[in-house]
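Spelled out from the first residue to the last, the chains are:
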Amino acid sequence: MIGIAGCTTGDEGATAEPAQLTEAIGDGELILATTTSTYDTGLLDAVVPTFESAFGMTVKMLPQGTGAAIETARNGDADVLLVHARSREDAFMQAGYGVNRRDMMFNDFVVVGPAADPAGIAGGDSAAGAFDAIAAAEATFVSRGDNSGTHTKELVVWDRATSVPGGRWYQEIGKGMGDTLAQASQTGAYTISDRGTYLSMREEVDLEILVEGPLRGGPLVLKNPYGVMAVNPAVHAQVNYQAAMAFIGFCTAPDTQAAIDAYTANGSQLFFANAWAEPVDFAQYVPAGYSVDAAARLTAEDRQFLSWVDAKVPAGY
Amino acid sequence: MDLGAVIGAGPETTRYVTSIIRVSLQVSMTAVAISTAMGIPLALVTAFRRFPGRRLLTTVITTGMGFPSVVVGLVVLLLLSASGPLGTLQLAFTPRAMIISQTILALPVITAVSLSAVQAVDQSVRDAAFAVGATRRDVAVRTIAEARFGIITAVLAGFGRAISEVGSILIVGGNIVFTDGTSYTRTLTTAITVEARQGRYETGLILGAILLAVVLVINAVGAWVSARGDR
Amino acid sequence: MRITVEDVRLTRGEATVLDGVDLTVEAGAVTAIVGPSGVGKTTLLRAIAGFAPPAAGAIRYDGADLWAVEERQRLQLRRTVAMVPQDRSLFNTTVARNVAYGLGVRGGPLERLRMAVGGVQATDALAQQVTDALALVQLAGMGGRAARTLSAGEAQRVAIARAIATDPAMLLMDEPTSNLDPQTTAVIEEAILAAVRRGMGVIIATHDIHQAGRIADRVAVMIGDTIIEEGSATTVLEDAASPAARRFLAGELPL
Chain A
1 MIGIAGCTTG
11 DEGATAEPAQ
21 LTEAIGDGEL
31 ILATTTSTYD
41 TGLLDAVVPT
51 FESAFGMTVK
61 MLPQGTGAAI
71 ETARNGDADV
81 LLVHARSRED
91 AFMQAGYGVN
101 RRDMMFNDFV
111 VVGPAADPAG
121 IAGGDSAAGA
131 FDAIAAAEAT
141 FVSRGDNSGT
151 HTKELVVWDR
161 ATSVPGGRWY
171 QEIGKGMGDT
181 LAQASQTGAY
191 TISDRGTYLS
201 MREEVDLEIL
211 VEGPLRGGPL
221 VLKNPYGVMA
231 VNPAVHAQVN
241 YQAAMAFIGF
251 CTAPDTQAAI
261 DAYTANGSQL
271 FFANAWAEPV
281 DFAQYVPAGY
291 SVDAAARLTA
301 EDRQFLSWVD
311 AKVPAGY
Chain B
318 MDLGAVIGAG
328 PETTRYVTSI
338 IRVSLQVSMT
348 AVAISTAMGI
358 PLALVTAFRR
368 FPGRRLLTTV
378 ITTGMGFPSV
388 VVGLVVLLLL
398 SASGPLGTLQ
408 LAFTPRAMII
418 SQTILALPVI
428 TAVSLSAVQA
438 VDQSVRDAAF
448 AVGATRRDVA
458 VRTIAEARFG
468 IITAVLAGFG
478 RAISEVGSIL
488 IVGGNIVFTD
498 GTSYTRTLTT
508 AITVEARQGR
518 YETGLILGAI
528 LLAVVLVINA
538 VGAWVSARGD
548 R
Chain C
549 MRITVEDVRL
559 TRGEATVLDG
569 VDLTVEAGAV
579 TAIVGPSGVG
589 KTTLLRAIAG
599 FAPPAAGAIR
609 YDGADLWAVE
619 ERQRLQLRRT
629 VAMVPQDRSL
639 FNTTVARNVA
649 YGLGVRGGPL
659 ERLRMAVGGV
669 QATDALAQQV
679 TDALALVQLA
689 GMGGRAARTL
699 SAGEAQRVAI
709 ARAIATDPAM
719 LLMDEPTSNL
729 DPQTTAVIEE
739 AILAAVRRGM
749 GVIIATHDIH
759 QAGRIADRVA
769 VMIGDTIIEE
779 GSATTVLEDA
789 ASPAARRFLA
799 GELPL
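Residue numbers (the working numbering), protein chains in the order written: chain A, 1 to 317; chain B, 318 to 548; chain C, 549 to 803.
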């Protein structure tokens, strides 16, 4: 292991000169599975080169839909996974495919729509309430409809609303975030978007933020945390685990966290780094709901029974 | 890669665009070369030998022409994934995986069009070659020469299918670009999907125009070769 | 050279086309095989040329059974014979390259490469052989023409030149003049006789009795599925022994 020497203190904006590793880790390649929306913000293009030169690695970034990215990691075709879908990350870890999860950054979702706002949702403080208003007005709503992190969040909000989306006004288009915003803009429709993509496209679309996310006092349901984790080498022996851990260490290192905070698109900050928090968030390392005490107290039989319950009994039973 | 922001703005863009053109051509031309090497003999055998299942084979070939590229991509990825049967080859998300899937897509096109071309060669022409002392292999070579215009069409059709498809190479290649802007598995078509999904339609159209220009050049070369062979 | 067809049975698919066919042909003479259209003359010629083994019997070149020898030797035997098929059979290239084809395939890889690149001018010998063959069919100077631009008569003559250029011991011709005008027919018949003067044997399948009368030394009459009469041309044509042959030669359709 090598420490990154030469981190300058007190220099603002100056590029630090990290020490160079002379030997690459593993085969010198790190395959990073991530989502298209994360990739499209350009953040990774900004920070990954620093990782590459510090560790003498070549990073291959695979931008895919959230489901495909997780599947790629599950199959062992990637070394490290960076997504923003906590419940699916939890399932990924519970199933034994992911280890050493760390919080990396967060932002939020916003509900956007045309300035004319036919459903009158502007300035509301409830996402579910906004969705109900849209349904009542039968105003056009464009959904990504692709099981992405954004779509998952959208369904969570519909779940909390009383209306059920359907009919001619609700359009599932199966496209990426930027494409979806473009289509919503062209048809004067509402949609839900991560703030980052919206900000990076603000110049090109005719949409306003009508319901804010929690970064600006909006409802908490619209939170969007990102997690990075390594693929379990016990399941896939061929993954470059050391490089994955180096990458996770890099992403959560103070310099990179500062770079994440400093990254802007169209003049706005897209991400807020949260690897370090006071008090320390131990819950980031394990699947939500995991309890060491409970695990320790169980007999082998009880553990087996609980694993059956986990596997077979649906969540809403 | 924020192509839209830097388009026309210098060496980074040039390197990016040059590298995706290079990957597009390398992948598609290699796939077409392999498909042609396999497809022409296959066409000859199917045209001129009787064997059980010959009609079935012809149907399979023509069906393959219309097979959805994205399905081929899924099947190839499942085979090449680290969790799949051929995982030890470590080919997932590499240019070679793209060549494999495009070969599967181009082979039926090239075979079917070549088959039609060689079947159109008169039997008496083949007989004449044999009857002045040609071996069966000589007759096959002569048949290909007689069918050359149709075969050139077949190869160009196969190339067209390969260079313009996006479904399979997006899945098996992973659309990867290195941080210095050079492409590893990103082609013109998959680059257009990146621009399109980010809503940058104009940039997508520019890349589309470049793709069209590439295809035009290849077809012009094909026409020139055709004309030269018309002796 | 002597070609012997020995009790040969030929089938096409399920049907028996020829059965019990015996025929002996010598070089240096013209043998005409006459018979109604569709009787199997083409099938017999193809068998003699070595396209496929007969269902029964043997095809012998100077005593050697064509299908009892190894592939390599059979190729050498086949190359002592050349056949001109019935229909337009020229390759889609120049006249000269058509004529040189048989010579080209006999060459090794180096010669083929030279010919592919340099055409028939690749060697003087090659160019000379092509010129001679074209002269025999009275098409001197036509080497540069594209084959597909030729008339039917010219095309047939080029096909004959292509066969003759390989200097075969025996030349097989399937209905060489059946659709051609009298002038072209005369040129082709003259070329056949010139080939015989060079020492070649010619087997010509034709339904034109008069042609047989003009150029054949020997005539074999094919009716039904076999050769019913064979002998010197004058004997067969003027005084055939078998009644069926007499009826056919007199212009009646066979039973």
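None of these hints come from the bench; they were simulated from the model.
Among these hints, one or two may not hold up.
Said to hold, decoys possible - Simulated restraints, written as ranges between beta carbons of each label pair:
#1 B:T375 to C:A603: 26 to 34 Å
#2 C:Q676 to B:V362: 20 to 28 Å
#3 C:P657 to A:A24: 27 to 35 Å
#4 B:T331 to A:A24: 51 to 59 Å
#5 C:A612 to B:V388: 54 to 62 Å
#6 C:D610 to B:S543: 44 to 52 Å
#7 A:G123 to B:V387: 51 to 59 Å
#8 A:L306 to B:T331: 57 to 65 Å
#9 A:V292 to B:E519: 18 to 26 Å
#10 B:T375 to C:A616: 51 to 59 Å
#11 A:A311 to B:V388: 28 to 36 Å
#12 B:V392 to C:A604: 32 to 40 Å
#13 A:A24 to B:V362: 42 to 50 Å
Unchecked claim - Footprint (simulated), chain B over chain A, 3 or more residues, beta carbon under 8 Å:
#14 26-40
#15 211-219
What the hints assert, rightly or not - Covered stretches of chain B (in silico footprint by chain A; criterion: 3 or more residues with CB under 8 Å from a CB of chain A, positions within the stretch not fixed):
#16 376-383
#17 393-400
#18 403-414
#19 514-527
Remember, predicted model here, so these are calculated numbers, not experimental data.
The beta-carbon is built from N, C-alpha and C at its ideal position, and this holds for glycine as well.
(message) For the hint 57 to 65 Å, verify it against the beta carbon of L306 (chain A) and that of T331 (chain B).
(response) Holds: the Cβ-Cβ distance is about 59 Å, inside 57 to 65 Å.
(request) Hint says 42 to 50 Å; check whether the CB-CB distance for A24 (chain A) and V362 (chain B) agrees. (result) holds, 48 Å
(request) Check the following: the C-beta atoms of D610 (chain C) and S543 (chain B) are separated by a distance inside 44 to 52 Å. (result) holds, 46 Å
(request) Establish whether the coverage given for the segment 26-40 of chain A by chain B is satisfied; the threshold is a Cβ-Cβ distance below 8 Å, and no fewer than three residues must meet it. (result) With 3 residues in contact (Cβ-Cβ under 8 Å with chain B), the coverage given for the segment 26-40 of chain A holds.
(message) Just to make sure I understand the rule, a stretch counts as covered if three or more of its residues have a C-beta closer than 8 Å to a C-beta of the chain. Does the segment 393-400 of chain B meet that for chain A?
(response) holds (count 3)
(request) Could you see if the CB distance from T375 (chain B) to A603 (chain C) stays within 26 to 34 Å? (result) holds, 29 Å
(message) Can you tell me if the segment 403-414 of chain B counts as covered by chain A, using C-beta to C-beta distances under 8 Å and a minimum of three residues?
(response) Per the Cβ count (4), the hint holds.
(message) Between the beta carbons of P657 (chain C) and A24 (chain A), is the distance compatible with 27 to 35 Å?
(response) violated, 48 Å
(request) For the range 54 to 62 Å, tell me whether the beta carbons of A612 (chain C) and V388 (chain B) fit it or not. (result) holds, 58 Å
(request) Using the Cβ atoms, figure out if G123 (chain A) sits within 51 to 59 Å of V387 (chain B). (result) Between G123 (chain A) and V387 (chain B), where Cβ atoms are some 43 Å apart, the hint is violated.
(message) Is 20 to 28 Å respected by the C-beta to C-beta distance linking Q676 (chain C) and V362 (chain B)?
(response) violated, 39 Å
(request) For the range 32 to 40 Å, tell me whether the beta carbons of V392 (chain B) and A604 (chain C) fit it or not. (result) violated, 52 Å
Hints 2, 3, 4, 7, 9, 10, 12, 15 and 16, counting from the list given before, are not met by this structure.
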